[in-house]
Amino acid sequence: MLEVRLDKFTHEQSLYFLIKGFEEYNIKSDMRILEYVVEAFNGIPGWLMLFGYRGLNEGLKSRLVEEVLEEASIKFDGKMLESLWLTILSLM
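Adding 80 to a residue's 1-based position in the sequence shown gives its number in my numbering.
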């Protein structure tokens, strides 16, 4: 499996990433929602991409931010639990 690691985007890079992505599909972005997204996802490219993908398919709405944040939280918690479990197993 190939793993690609990216540094966090700056605030400006995050906005540019989302705006340009939506422009490619001729979708006019609501800057209030995009600013909210950029603050919520703190420049993490994967979550910005997921929001953009879902925004294309489901429409740009504030509620989508919470849905993706919830998904990010679940995945992060799952990764943390997996890491903790592997650490515990290695100590046995």
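Everything labelled a hint here was simulated from the structure, so no lab data went into it. There's no promise every hint is true.
Unchecked claim - Estimated spans, in silico, between C-beta atoms of each pair:
1. M81 to E103: 12 to 20 Å
2. M81 to S142: 20 to 28 Å
3. L149 to Q93: 18 to 26 Å
4. G139 to E83: 14 to 22 Å
5. M81 to D110: 15 to 23 Å
6. D110 to T90: 30 to 38 Å
7. V84 to E151: 31 to 39 Å
8. K108 to R85: 14 to 22 Å
9. L82 to G139: 15 to 23 Å
10. L86 to Y116: 28 to 36 Å
11. G126 to E104: 33 to 41 Å
12. E92 to S142: 35 to 43 Å
13. Y105 to S142: 14 to 22 Å
Claimed, not checked - The calculated EDC-like cross-link candidates involving lysine to aspartate or glutamate, where the alpha carbons are at most 16 Å apart (straight line), are:
14. K141 to E92
15. K100 to D110
16. K108 to E138
Ideal placement from N, C-alpha and C gives every residue a C-beta, glycine not left out.
- Query: What are the numbers of the hints the structure violates, in ascending order?
  - Reply: Violated hints: 1, 2, 4, 5, 6, 7, 8, 9, 10, 11, 12 and 14; rest satisfied.
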